[in-house]
Amino acid sequence: MLVSYATLGYPNKEDYLRLVKGLVEAGSDILEIGLLPKYAKYDGPVIRRSYKQVSTWLTDFWSLLEETRRAVDVPLVILTYLEDWVTSLPDTLARMKDVGINGVLFPDLLIDFIDEYEKYVNEIKSHGLNAVIFTSPSVPDPLIHKVSKISDMFLYYGVRPTTGVPLPVSVDSLITRVRTLVNNKLVVGFGLSDIEDMKKALRAGADGVAIGTVYIEEIERNGVESAISLARKFRGILDGS
Amino acid sequence: MANSEEIIPSYWYNIIPDLPKPLPPPRDPPDAEFSRIDLLRKIMPSEVLRQQFTVERFVPIPKEVREAYINIGRPTPLVRARRLEEFLNTPAKIYFKYEGATPTGSHKINTALPQAYFSMKEGVDHLVTETGAGQWGTAVALSARMYGLNSTIFMVKVSYEQKPQRRTIMQLYGARVFASPTSHTEYGKKVLNENPNHPGSLGIAMSEAIEYALSNGYKYLVGSVLDVVVLHQSVIGLEAMKQLQELDEEPDVLVGCVGGGSNFGGFTFPFIGSKKGSKYIAVGSYEIPKFSKGAYNYDFPDSAGLLPLVKMITLGRDYVPPPIYSGGLRYHGAAPSLSMLIKEGIVDWREYNEKEIFEAAQIFLQTQGIVPAPESSHAIRAVIEEAREAKIKNEKKVIVFNLSGHGLLDLPNYESMMKRIGQD
Ligand SMILES: Cc1ncc(COP(=O)(O)O)c(C=O)c1O
Chain A
1 MLVSYATLGY
11 PNKEDYLRLV
21 KGLVEAGSDI
31 LEIGLLPKYA
41 KYDGPVIRRS
51 YKQVSTWLTD
61 FWSLLEETRR
71 AVDVPLVILT
81 YLEDWVTSLP
91 DTLARMKDVG
101 INGVLFPDLL
111 IDFIDEYEKY
121 VNEIKSHGLN
131 AVIFTSPSVP
141 DPLIHKVSKI
151 SDMFLYYGVR
161 PTTGVPLPVS
171 VDSLITRVRT
181 LVNNKLVVGF
191 GLSDIEDMKK
201 ALRAGADGVA
211 IGTVYIEEIE
221 RNGVESAISL
231 ARKFRGILDG
241 S
Chain B
1 MANSEEIIPS
11 YWYNIIPDLP
21 KPLPPPRDPP
31 DAEFSRIDLL
41 RKIMPSEVLR
51 QQFTVERFVP
61 IPKEVREAYI
71 NIGRPTPLVR
81 ARRLEEFLNT
91 PAKIYFKYEG
101 ATPTGSHKIN
111 TALPQAYFSM
121 KEGVDHLVTE
131 TGAGQWGTAV
141 ALSARMYGLN
151 STIFMVKVSY
161 EQKPQRRTIM
171 QLYGARVFAS
181 PTSHTEYGKK
191 VLNENPNHPG
201 SLGIAMSEAI
211 EYALSNGYKY
221 LVGSVLDVVV
231 LHQSVIGLEA
241 MKQLQELDEE
251 PDVLVGCVGG
261 GSNFGGFTFP
271 FIGSKKGSKY
281 IAVGSYEIPK
291 FSKGAYNYDF
301 PDSAGLLPLV
311 KMITLGRDYV
321 PPPIYSGGLR
331 YHGAAPSLSM
341 LIKEGIVDWR
351 EYNEKEIFEA
361 AQIFLQTQGI
371 VPAPESSHAI
381 RAVIEEAREA
391 KIKNEKKVIV
401 FNLSGHGLLD
411 LPNYESMMKR
421 IGQD
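So the protein sequences, as listed, match chains A and B.
Just so we're aligned: the first sequence equals residues 1 to 241 in the numbering used here.
Just so we're aligned: the second sequence equals residues 1 to 424 in the numbering used here.
Next up, chain B with everything else stripped away, as it sits in the complex (with noise of 0.2 Å):
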């Protein structure tokens, strides 16, 4: 067996050079008043955007930020759910990567830690961002303390009512939250003006963001959708690789849930990269109907425009989502990377509704014990429907899911769905 610590990895991977097609690049838009890529330079650490636009395979990761993954727990477990194995009655093997086991509760310090890092090398002492259900967001918070920087954390209106907790933990890290819409940003404020009780998305708390650290001479934490994020998500799927090794197992379905596309690219990219495993689903939620509805085009990040355009699959930069139970699934868009890989046929997509995610994670919450956070549920779903086609089929297949999150912190959104779908 290797140590724990020869499975975290000394490279990101990136699947840039591997994809079947040249992935478009950002664009300014046809009359542009200013470059949205000039931009970039003022708003992100410098590091973080040369490895947005370095496409190298491999890329090294400082000493510094494995030993930081180390404090916060990577390698991650990956577990073999043998009590949801012998449920389903289903021969097929059915391993998850636990990503709910760092301190944060998510995959989202993969990328946080990293991109905190860079920015303190680089001298900057306040780090901006935004957060849907509140994983990220508190990502960053630790992240920031870690290296002795300040950070204001816009986090969208509903995830900010309904996760109260969430907020809290951030304050606890020393952040700053702020309720999104608010009125410290022009683009708040615009929002407010035509709708006071507007509920908030991730577009606009990131055009928020956005705004304040450009205002402030801050940098901004990008937490999903752009390469340089699902680079560093890769840590996930490099170290299943390697524990799927140690085990002598051969995956053959891979499967991750999708908001901006960062923890499935991050788990299932170094597989598709190197050609293991033989399907890959990506899965949304049916309420954000991206993949079945949205459109292959060049659109906006935020809201407010001020990212570059890039080519994804999107529901449209003013799509407001409705207010639903799995926040982190509350985005319009899908990583260019992704969304070209889904458009090329090589990954394919489900969407679950709210009843179908809930029993999803009772059953495996009542099985392994672990309480899924609602995103991670969504591929949870998708994993039973595979293990109850290997029974049908009576195929011994190997299926590995990413367990992106717990859901200690979700448990309101858990009570209202339990009323909802009447089982309270």
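Isolated chain A, as found in the complex (with noise of 0.2 Å):
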């Protein structure tokens, strides 16, 4: 499974419609796409670039999320703090709901909502909205076996505290620990730049890889085209080629 990542409106609007588009052909079978945060809590300096470069521009993000929907035909997953959100959820959902959103990423949830999580994945799926749950090495093993049960479309799994920053953590045998512990699709993100780990968190039990930062480098360095090049060849190392 290739999840692909995506900053609302970045680089600008007509080459992130360029985007969405490309890395659907490309292969990706699930986008996640993230609005600009107050705080981005748990990103890296990669993403956050990204989230200020939208921010000079992006007032309407509804309408561009519209587009989005009618842009390509994966599921959608937006990657939303639920910080921003907490005080007006039900309108939110409704209306993410309302756009053709299909799934609902808070980064946050299991962190500083931890209290009451399980309230706030009802009241996504009771919108209809698929709850997919993210979790990481700080979250104990029974918590990450209860709620991989609960988790819509796949269990996502952060393997570094932070995206994009390459710290240097054992992906392998990370990966090999938490599959015993997930009753789901496991699909590994943060700091998956590297073939090599990419290669690793699969051989070791993963289901899938979510990439994000890489195409955001890649555009800043390349352009779009050439991000959604580096799509295809993920693709490629998912189907073993």
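By construction, these hints were calculated from the structure, which means they are not laboratory data.
Heads up, the beta-carbon is just placed ideally off N, CA and C, and yes, glycines get one too.
Treat the hints loosely; a few may be bogus.
What the hints assert, rightly or not - Examples of chain A residues lying across from chain B (beta carbon under 8 Å, computed):
#, residue
1, Leu17
2, Ile114
3, Glu118
4, Val121
5, Pro140
6, Leu174
Said to hold, decoys possible - Cut-off 30 Å, straight-line C-alpha distance, at most; resulting in silico cross-link-like pairs (DSS-like, lysine-lysine):
#, chain 1, residue 1, chain 2, residue 2
7, B, Lys275, A, Lys146
8, A, Lys185, A, Lys97
9, A, Lys200, B, Lys419
10, B, Lys293, B, Lys419
11, A, Lys146, B, Lys393
12, A, Lys38, B, Lys42
13, A, Lys149, B, Lys21
14, A, Lys233, A, Lys146
15, B, Lys355, B, Lys393
16, B, Lys21, A, Lys146
17, B, Lys21, A, Lys185
18, B, Lys343, A, Lys119
19, B, Lys275, A, Lys149
Join the two chains into one complex using the hints; note that each chain is given alone, in its own frame.
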């Protein structure tokens, strides 16, 4: 399973729409769309740069989400911090459903809202949306096991404490361990830029990878087309070629 | 009886997968002009960083590090404090794990050795750190020397002045020692500009050490607070567990003192993880009231804000502690894992003042003969109270505490305490 991340509206409207179409044509199974947050608590410097750029022009993100929905036909999962919506959640979820969004992933759910996470998961589901749960190595084993069963589509496991900082971690041993706890499809992300890491993750039992930062870095360096060819390369790795 | 080398574990224990809730990860501040998390890659040896973030429950101790542990006298003794029990006339049994038995006199060497070893393996030739009381700096100075590396230590100015012998030992081991705040770093200069007589603080010394390591391309060793340090310190608790098993004892109460939380966590976490014991008491200083007055918030571990934000019980990174008698407890925060266990009510806490810990130290050294480090005397005070309570309730409980260091180089502190308390 190839889950490709794009920051909504990055690098600009036109290139963003070309990017999401291209990522799907290149074989992404699911798109994760990041909304500009108030505080990118768990994002690394690269994704933060993309938010900063978007913040200079994007005002009506709902209409751009609608355009995204019309542009591609794979499931769309919104990546956004619960902290930003906690006071207006039912309306926001209803609107996402209307726009045709398929799922929501709150990276701060199990960290900053741990005592009420079940309530929020139920709330997402009650609006007909998928609740994709984000976990990481600092989530206790019994909790990973428990939430893996209620996570829709797949369980997201971020191997690093932040995106896009190549901190040294043992990807294979982390995933070998977590695989035994997860009764669901397991998608691994956070700093999987390295082809070797990606292969290790798959060999250790991951069902898919989530890629984001490397696309943005590639866009910064060589533009959108080049990021799309990366997605093609990742598809190839997943398909075993 | 197991032979003593069999008592030293071959794995360190990490409590994170066994915590009751997810440990909040480190963060960059909202409008960071650079990523602190990325900065860690530049300042820390990469294997140390890998261990910080790879949260396996058991992490193998490299053979060479295990041999180094043997070389410094591990396993440290687990001693029954019979004379103390008699003095208190308590039905409780009291044991202590004696970390003061290492050459540098405290538990700090347990993490300095592996960090220096990993640095050497990575081709690093110079280590930098900060030290409060001098125990951590001494441990780094010796560990660096054992692996043929140079070291520079930023020592909090009040301690530098109060503890000239600590400085001498570090220098004998071959370290360069500076009294922080110094004019060797931009941050130090800024602090001195605002207050030329600044007594220094651990947070400031830490900031200087990090800046110095960065600007010279050296590696920075971290002495407490971060998960990887607590991980290495787990040798204390793992050994103690085996030693208690050999004695056929089940511990009830486990006690340790807290500066950043590394000796307490290293001692108690293996017990907490395997659900041995029913009460865990973390003891801080009344004069540095982080447990009673601190907030559970994201805060910087260092005063300059160079390290990533971590969620911990903290008095605030700008907090300047009073220059009290137990330098090692003068820190504004407590390790994130320990902070969470306290917030969740799994670990209890106490805070004692100078007079209370002085009395405890005196009872202990007059019964057991060992001069405890003033930091460790905080733990002793709690042990005495538990033993007295056991007497009132006539309970035969087993109390085990970590004597994190000896106080033979803290005699000037004890002298000044005697003067203040009026016992001279
Ligand atoms: C003897 C001794 N005990 C305890 C401490 C407290 O530190 P921590 O809580 O990080 O173990 C120190 C710190 O310098 C120390 O030297």
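These are the hints, each one checked on the structure:
1. Leu17: 29 Å, violated
2. Ile114: 5 Å, holds
3. Glu118: At about 14 Å, which exceeds the 8 Å cut-off, the nearest Cβ of chain B leaves the hint on A/Glu118 violated.
4. Val121: Since chain B brings no Cβ nearer than about 15 Å to A/Val121, farther than 8 Å, the hint is violated.
5. Pro140: Result: holds, 5 Å to nearest chain B Cβ.
6. Leu174: Cβ of A/Leu174 sits 6 Å from chain B, so the hint holds.
7. B/Lys275 with A/Lys146: 21 Å, holds
8. A/Lys185 with A/Lys97: Satisfied, since the Cα-Cα distance of roughly 23 Å is no more than 30 Å.
9. A/Lys200 with B/Lys419: 64 Å, violated
10. B/Lys293 with B/Lys419: Within the cut-off at roughly 29 Å; holds.
11. A/Lys146 with B/Lys393: With a Cα-Cα distance of about 42 Å, the restraint between A/Lys146 and B/Lys393 is violated, given a limit of 30 Å.
12. A/Lys38 with B/Lys42: Between A/Lys38 and B/Lys42 the Cα gap is close to 28 Å, so the pair holds against 30 Å.
13. A/Lys149 with B/Lys21: Within the cut-off at roughly 18 Å; holds.
14. A/Lys233 with A/Lys146: 34 Å, violated
15. B/Lys355 with B/Lys393: Since the Cα atoms of B/Lys355 and B/Lys393 sit roughly 26 Å apart, the hinted pair holds (cutoff 30 Å).
16. B/Lys21 with A/Lys146: 13 Å, holds
17. B/Lys21 with A/Lys185: Between B/Lys21 and A/Lys185 the Cα gap is close to 23 Å, so the pair holds against 30 Å.
18. B/Lys343 with A/Lys119: Measuring from Cα to Cα gives roughly 22 Å; hence the hint holds.
19. B/Lys275 with A/Lys149: 27 Å, holds
Violated hints for the displayed structure, listed by number in ascending order: 1, 3, 4, 9, 11 and 14.
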